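Asks: Sequence:
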Amino acid sequence: MIHEPGVEILTMNFSFSQPIIEEHDGYTCIFVNESDMFGIGDGKPILPFNLSVIELPFGTKILNVSYECSEPEVFYIDKKLSFGSYSPETEMDETIYNENSLYPTDWITYHTGGGLDSSGEHKTFLAIRVYPVRYLPTQNELWFINDIKVRVVYKEPVEPLIKDIHEFDLLVIAPSKFATYLKPLIDFKNEHGVKTKLVTLEEIYGKKEGKDNQEKIKYFIKRSIEEWGIRYVLLVGGLKGQSSSWYLPVRYSHVVPPKEQEFPEPSFISDLYYADIYDSEGNFSSWDTNNNGIYGEWNEQGRDDMDLYPDVYLGRLACRSVREVKIVVNKIITYEKKKCDDSWFKNFLLVVGDSYNDTNHLVEGELIAEQAIKYMPGFNPVKIYASQTKITRQTINRAFNRGCGFAFFCGHGSPKSWGTHYPPDGTKWTRFYKVSDMNFLRNKGKLPVTVVGGCLNARFDVSITNNIKAGVSEEGLKYFSILPWRLGKFWTEGLTHICWAWKLTSKKNGGAIATIANTGLGTHGRDDRNYNSVADYLEVLDGWLELRFFQLYGIEHIDILGDIYGRTLTEYMHRFLGNNDKMDVKMVQQWELLGDPSLKIGGYA
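Heads up: the sequence shown is residues 0 to 604, going by numbering that gives the first Met the number 0.
Calculated directly from the structure, the hints in this document are not laboratory data.
With a straight-line Cα cutoff of 25 Å, these simulated SDA-like cross-link-like pairs (lysine to any residue) come out: (1) 194 x 161; (2) 325 x 439; (3) 443 x 496.
Since we're looking at a predicted model, the values are computed, not measured.
Kindly generate the complete structure, drawing on both the sequences and the hints.
Replies: Here it is in structure tokens:
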């Protein structure tokens, strides 16, 4: 073979000991000592794998990935392989279990991405999965290899695609109406070494690039990376009051999981669109590669190419008025201008219960909370556990008002409320903690970074106008019914004027300094389907994101909010995009940071 100039070759060798085959609850489970990860997908066979993430200069082209492996050894099993479960209705995927072919289709799979490494540098990622065991369902066979050699051929760019420029750190994008009221924040950031630039939407919309305003914003972020070296982006603006028009528009993703969710959700907000600027080779990541005007599309008809890896650390202040701009600007400046007092900051509030009525009777919320506590050494856990106390407005607000550096709610949600269940079987609901309950928060400057597990808590497109439009479209005039036996949804849902997560973040004299929550339907794993003595609730989907966030702060000591948030997303994609599952894509797209990505957690000393 003639070696082409600029072409590099990387080889990796893997060796595996004999698989451990066990039977649990009528299913077969496979363990390999050298493989500490499991491919867990809804209804799909669970198999161990090894993950290798290779970081290459940004714009590197992967020319070929190949392998040589030992002769497979075949094991026969009596029971079907265990499968992952995201919902009570999950059954084994018959398209896999009835297929007379090996699963997965090869000994290795891989994907590429372009994003930021742990130092905030732009890189091309190559994530390779190696499966020591594959499954032939119709023959009840497991195929195993002892050794495999993986060979990667790649070509680095001749010149760096992005110049090493550090003119600005933080780009703030907002309508001109908010500019005056953002100036104190811009000045404060610059005074504290975060070189900050404010650009108005009116300036951006005057540019030629972009098919619509959202794409114009995205192209401007691209230019800001290349010309200024921007690392953080703060979007300021949500809906205009209770109308259906936007100060700063959103992009809706159309990744539609067919069966894993409680009800159909054809689209949801994804600000990751604005952060995912490039693909692995440095091309613009449009999220509309079939040019049909439907962005982030993955359904039965087709799939847009989406890189997904964030190229900037991005958050949004979804302000609906000048008043809200003033509130959040004041909160950020007050929080950051001095070090938070440990007397309250070292409190870690955890509000959890029994999320699901699962077969193993796991108290999932409390299990994930206990693991989060382990990742936050030095913090005092303030536990509001459904097994120990009633979850009410009073118990939550009382703990919140004492102050805490972090808060973690893990259960179920909607735009207007959050709740969970009581043990032991996860069927009896707790009281819901509602948007209206936050009016009684009095924690003033003792503001936590809040992480929320649940559906729709960050769906910040709710307004009275939007609610009425959707309700009338679905139910007609029945939406407004005042009949006692058929009260219209307008009276129970239509009056939700602000989403839960933004209310908490924009609350005056209290609430949170930032909130991370889902804009769409969230999902956790169920039971312990890989039988490794760890609830799948903690190992996949929302649960993995939530725990990794706390681990990056508490164990790895990263204290810039956007760095933690962005790295959590990036590492999730390394680990899970190889599942080729819509739910994993939806997880990262809907996990919204309502807050300042450049925030120094705990304030400046």
